[in-house]
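Trainee: If you want the building blocks of each chain, they are given just below.
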Amino acid sequence: MGSYAIFFGVAIGLFAFAATFALFAVYAERKLSAFIQDRIGPNVTGKYGTLQTIADILKLIQKEMIDPAAVDKCLYALAPAIIFIAVYLGFAALPWAPGLVPSKINIGLYYIFGIISIETLGILMAGWGSNNKYSILGAMRSAAQIISYEIPAGFALIAAVVICGSLDLQAISTQQGIITQEHIKFLGIWDVTGMGGILAWNVFRAPHLLVAFVIYFIASLAESNRAPFDIPEAESELVSGFHTEYTGMRFGLIFLAEYSMMFLVSMVGVILFWGSWNTPLPNLGTMQLAAWTTGAVWGIFWIFTKTLLLVALQIWIRWTLPRLRVDQLMNLSWKILTPLAFLCMIASALWRVYVMN
Amino acid sequence: MAGICNELRLIGKPLNGLLTAWKGLSLTIQHAFGFKKRETAFVSEPNYFDKQNGTATIEYPAQKLPVPEVGRYQLDVEMDDCIVCDLCAKICPVDCITIDSIKATEAIGQTSDGTTKRLYAAKFDIDMAKCMYCGLCTVVCPTECIVMTDNYDKTVFDLGKLTYHFSDMTAEEADEKRALLEKQNAEKQAAKLAAMKKNDPQ
Numbered sequence: 001m002g003s004y005a006i007f008f009g010v011a012i013g014l015f016a017f018a019a020t021f022a023l024f025a026v027y028a029e030r031k032l033s034a035f036i037q038d039r040i041g042p043n044v045t046g047k048y049g050t051l052q053t054i055a056d057i058l059k060l061i062q063k064e065m066i067d068p069a070a071v072d073k074c075l076y077a078l079a080p081a082i083i084f085i086a087v088y089l090g091f092a093a094l095p096w097a098p099g100l101v102p103s104k105i106n107i108g109l110y111y112i113f114g115i116i117s118i119e120t121l122g123i124l125m126a127g128w129g130s131n132n133k134y135s136i137l138g139a140m141r142s143a144a145q146i147i148s149y150e151i152p153a154g155f156a157l158i159a160a161v162v163i164c165g166s167l168d169l170q171a172i173s174t175q176q177g178i179i180t181q182e183h184i185k186f187l188g189i190w191d192v193t194g195m196g197g198i199l200a201w202n203v204f205r206a207p208h209l210l211v212a213f214v215i216y217f218i219a220s221l222a223e224s225n226r227a228p229f230d231i232p233e234a235e236s237e238l239v240s241g242f243h244t245e246y247t248g249m250r251f252g253l254i255f256l257a258e259y260s261m262m263f264l265v266s267m268v269g270v271i272l273f274w275g276s277w278n279t280p281l282p283n284l285g286t287m288q289l290a291a292w293t294t295g296a297v298w299g300i301f302w303i304f305t306k307t308l309l310l311v312a313l314q315i316w317i318r319w320t321l322p323r324l325r326v327d328q329l330m331n332l333s334w335k336i337l338t339p340l341a342f343l344c345m346i347a348s349a350l351w352r353v354y355v356m357n
Numbered sequence: 001m002a003g004i005c006n007e008l009r010l011i012g013k014p015l016n017g018l019l020t021a022w023k024g025l026s027l028t029i030q031h032a033f034g035f036k037k038r039e040t041a042f043v044s045e046p047n048y049f050d051k052q053n054g055t056a057t058i059e060y061p062a063q064k065l066p067v068p069e070v071g072r073y074q075l076d077v078e079m080d081d082c083i084v085c086d087l088c089a090k091i092c093p094v095d096c097i098t099i100d101s102i103k104a105t106e107a108i109g110q111t112s113d114g115t116t117k118r119l120y121a122a123k124f125d126i127d128m129a130k131c132m133y134c135g136l137c138t139v140v141c142p143t144e145c146i147v148m149t150d151n152y153d154k155t156v157f158d159l160g161k162l163t164y165h166f167s168d169m170t171a172e173e174a175d176e177k178r179a180l181l182e183k184q185n186a187e188k189q190a191a192k193l194a195a196m197k198k199n200d201p202q
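Order-wise, the sequence lines are chains B and W. When we follow my numbering, the leftmost residue of the first sequence carries the number 1, and every step to the right adds one. When we follow my numbering, the leftmost residue of the second sequence carries the number 1, and every step to the right adds one.
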């Protein structure tokens with residue numbers, strides 16, 4: 001019974017985290033987009049407009065949930081829940097600090113990628129269930145996009161997995177810092193096992209992972225339906241695509257899923273490429289910077305900071321680059337990212353066999 | 001040869017894409033960090049057009065754009081200078097000015113430019129909801145008492161409040177003046193009748 005209480009506690013905690021993060025991410029997005037466009041953004045509700053998103057959420061909760069007459073009631077009502085739960089379940093396997101992970105499973109990465117691909121199903125249900133041309137077009141585009149981009153994203157991740165030799169996200173994290181039992185070599189030549197810090201991160205252990213990270217990052221933008229890959233939504237051409245018909249908290253859930261997805265894919269990127277919860281400061285002689293800044297609290301701090309930086313990068317990209325056309329999107333995925341990701345994977349295999357031994 | 005070219009293009013195009021994307025990104029990040037609150041300045045200031053950076057937002061009620069003092073926004077009437085000639089009401093293309101005049105029994109004063117006032121304005125209303133800001137009334141006014149001011153913000157909660165009342169007479173005063181005029185007219189009529197009787201030879 002006690003363990004069930006812990007499970008529920010963790011689940012509620014993760015949900016609370018996702019919701020709070022979405023609130024602040026929406027605020028950050030509005031503020032940053034305003035600054036980029038020489039505007040001010042919300043600045044009336046609360047100091048600097050900080051209460052604006054909370055006010056918006058309160059308004060959203062009060063809104064009526066409208067079922068248009070022609071929708072497929074079951075699919076239509078279930079879709080937002082499936083979209084959100086798919087992303088929310090992905091949070092379960094993310095490690096936060098040494099020894100701190102909601103669910104310790106040795107195929108964490110595999111699980112995350114399996115579970116978040118269910119989001120496409122939810123979007124398809126939403127689009128089909130809405131019984132509306134724009135929605136079905138949006139849903140079809142979403143299926144095409146997410147299925148296409150899962151391939152380069154997957155291979156870019158495999159490139160990192162090959163270097164680490166594990167699918168367990170906690171094991172992958174441990175390898176990139178000072179508490180590992182293995183030998184870490186910076187660029188494959190310089191042994192930095194006791195030193196740790198930024199030198200031990202995956203992108204510096206095997207430099208071609210930098211390319212893999214760029215591929216993964218681009219593909220992750222597509223997976224979280226963020227601009228410039230937001231063609232499922234495409235508010236200017238598809239009237240918001242698959243969620244045209246949704247109102248009130250159902251729309252809120254779809255929105256929450258998008259922001260949770262941003263955080264999730266950024267965190268996976270950080271774990272696999274940017275040293276997870278490890279500190280960027282190396283041990284230098286008597287200055288045991290890495291040893292001083294490693295631990296549960298520090299771990300949460302580091303991974304949170306790194307992830308938020310990536311989220312900021314996503315926001316920055318959204319407000320800079322224009323949306324891609326469908327054919328450009330497919331071109332990019334199949335002709336450029338997929339072959340490059342394959343090359344990265346092969347490079348990883350060769351690196352593992354010839355350099356790391 | 002063609003094969004190599006194709007392969008080069010396959011590398012060159014994505015690279016070019018990344019480079020141009022970076023160009024755009026660096027531009028937007030400069031704007032994000034170059035954030036500066038806007039200062040409103042008058043157009044005649046020497047460095048007015050140099051202010052290219054910072055936000056373009058004007059936080060309206062708290063911050064206002066300076067307008068020229070000869071701006072032509074709201075109509076205003078200096079009643080002391082008005083001789084109630086009704087010209088403005090006549091020229092108004094949208095009939096937004098309503099004037100009700102009462103003839104005075106004698107000269108009631110002078111305007112600031114020396115014109116003698118002989119009429120009371122019982123009513124001088126301008127319906128700003130109808131006004132089209134053509135300014136014709138200000139042009140025809142012989143004493144230049146009707147003018148346009150630089151006050152552009154006259155939002156009201158009640159549409160009726162857009163009808164501006166400029167007459168400073170109360171209803172009682174107006175009735176009194178009307179009675180005086182009627183009395184004078186009656187006296188004149190009586191005098192006329194008396195004179196006619198006297199001249200009548202019979």
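It is worth saying that the hints were derived from the structure and are not from the lab. Every residue gets a Cβ at the ideal spot worked out from N, C-alpha and C, and that includes glycine. Do not take every clue at face value.
What the hints assert, rightly or not - Only pairs whose alpha carbons sit at most 20 Å apart, straight line, appear in this in silico DMTMM-like list of lysine to aspartate or glutamate:
no., chain 1, residue 1, chain 2, residue 2
1, W, 117, W, 59
2, W, 117, W, 176
3, W, 192, W, 106
4, W, 117, W, 100
5, W, 23, B, 38
6, W, 154, W, 59
7, W, 37, B, 38
8, W, 130, W, 176
9, W, 64, B, 38
10, B, 47, W, 86
11, W, 123, W, 59
12, W, 36, B, 327
13, W, 13, B, 327
14, W, 37, W, 69
What the hints assert, rightly or not - Covered by chain B, according to a simulated footprint, are these stretches of chain W (three or more residues, beta-carbon under 8 Å):
no., segment
15, 23-36
16, 102-111
Trainee: Honestly, which of those hints from before does the structure not fit?
Mentor: Structure breaks hints 1, 8, 10, 11, 12, 14, 16.
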